[in-house]
Amino acid sequence: MGDILSRISKNLVGSEPTPKGLRFAAVSIIISGTESPSVLLIKRAERAGDPWSGQIAFPGGKMQPEDGTARRTATRETLEEVGVDLGKSAEFLGYGQLTTTHTGTMDVVPSVFLLKEKVDVTPNEEVASYRWADLKDMLAPKSSSSYALDSGGKPVQLPAFLVGDYVVWGLTHRIITKVVGPP
21 MGDILSRISK
31 NLVGSEPTPK
41 GLRFAAVSII
51 ISGTESPSVL
61 LIKRAERAGD
71 PWSGQIAFPG
81 GKMQPEDGTA
91 RRTATRETLE
101 EVGVDLGKSA
111 EFLGYGQLTT
121 THTGTMDVVP
131 SVFLLKEKVD
141 VTPNEEVASY
151 RWADLKDMLA
161 PKSSSSYALD
171 SGGKPVQLPA
181 FLVGDYVVWG
191 LTHRIITKVV
201 GPP
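Numbering of the sequence shown is given in the numbering used here, commencing with residue 21 and proceeding in unit increments.
What the hints contain is simulated information worked out from the structure, not anything from laboratory work. Heads up, some of the hints might be wrong.
[Unchecked claim] Result set (PhoX-like, lysine-lysine): computed pairs, CA atoms no more than 20 Å apart in a straight line:
#1 K40 x K82
#2 K156 x K198
#3 K40 x K198
#4 K82 x K63
#5 K198 x K30
#6 K138 x K108
#7 K136 x K108
#8 K156 x K30
All of these numbers come straight from a predicted model, not from anything done at the bench.
Could you put the whole structure together from the sequences, leaning on the hints where they help?
As structure tokens, this is what we get:
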């Protein structure tokens with residue numbers, strides 16, 4: 021298994037995360053390849069009222085009562101958003117660390133999957149575009165940048181990764197950083 025996958029596996033747990041009383045969501049970190057792993061990133065469609073409108077993200081969404089587990093939430097949302105059936109095409113590796121959104125209103129758990137076969141990505145209306153991002157390239161120092169966010173009229177610089185024209189910042193940046201861990 022490649023160096024990055026070894027790093028990731030050290031940061032995962034198999035047990036279901038315990039929500040802290042906030043709304044609960046799950047995202048899928050879908051890894052393709054073992055020697056040169058890449059992850060599926062989506063650009064969310066521009067939608068009024070969506071706090072993540074137009075941002076770079078992982079497929080995922082809010083847990084529904086019938087889901088029962090974060091893994092099932094991530095699997096359901098991935099099938100809905102990008103047409104990938106993780107139950108058939110991937111191996112579940114474990115959960116990453118629970119991450120609270122910047123608003124403090126939702127806990128998000130990364131569910132990490134390794135593809136066993138090539139998949140076709142078919143985005144729904146919630147997804148403007150997608151791409152496979154090479155983790156080694158994304159985590160390279162040349163890809164590190166910052167993102168200027170307007171916070172009440174004041175610019176705030178946040179850490180970011182550059183993946184072509186995708187700027188990966190905020191929650192997605194924090195999740196990748198926690199799941200991959202230090203070199």
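Now the hints, each set against the structure:
1. K40 x K82: holds (15 Å)
2. K156 x K198: The hint holds at about 15 Å.
3. K40 x K198: It holds: about 19 Å lies between the C-alpha atoms, which stays within 20 Å.
4. K82 x K63: holds (17 Å)
5. K198 x K30: holds (11 Å)
6. K138 x K108: Status holds; Cα separation ~11 Å.
7. K136 x K108: At roughly 9 Å apart (the allowed maximum being 20 Å), K108 and K136 satisfy the hint.
8. K156 x K30: Holds, at about 17 Å.
In this structure, every one of the numbered hints holds.
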